[in-house]
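Visitor: Sequence:
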Amino acid sequence: ETNTSNLVSFLEETDTLLQQLIERNKKLKELETKIPYLSQPDSISINLSQLIGELKLDDSSSR
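The numbering used here puts the sequence shown at residues 349 to 411.
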């Protein structure tokens with residue numbers, strides 16, 4: 349009897365956690381669609397290297 353009720357409460361907890369994870373996943377997906385560069389980390393590094401390249405160009409042209 350105790351084992352059964354323990355199992356039931358454990359399953360309920362697991363289900364609750366699963367629902368929370370699903371909700372969190374949905375929110376993350378929504379954020380990714382709102383902020384495109386989150387889903388494409390590569391574009392950030394490309395932009396950074398372009399920016400650094402431009403800064404170096406500006407640096408050399410001012411001398």
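It is worth saying that the hints were derived from the structure and are not from the lab.
Every residue gets a Cβ at the ideal spot worked out from N, C-alpha and C, and that includes glycine.
Heads up, some of the hints might be wrong.
With beta-carbon atoms standing in for the labels, derived distance ranges [what the hints assert, rightly or not]:
#1 G401 x Q367: 39 to 49 Å
#2 T362 x I383: 30 to 40 Å
#3 N395 x T350: 53 to 63 Å
#4 L379 x F358: 26 to 36 Å
#5 L365 x K404: 47 to 57 Å
Visitor: So, for every hint listed, does it hold in this structure?
Guide: Hint check:
Remark: the range hint 39 to 49 Å for G401 to Q367 is upheld by a beta-carbon distance near 47 Å. The hinted window of 30 to 40 Å between T362 and I383 holds, with their beta carbons roughly 31 Å apart. For N395 paired with T350, a C-beta distance near 59 Å keeps the hint of 53 to 63 Å intact. Between L379 and F358 the CB atoms are about 31 Å apart, so this pair conforms to the stated range of 26 to 36 Å.
The hint said 47 to 57 Å for the Cβ distance between L365 and K404, and at roughly 50 Å that hint holds.
In terms of the numbered hints stated before, the structure departs from none.
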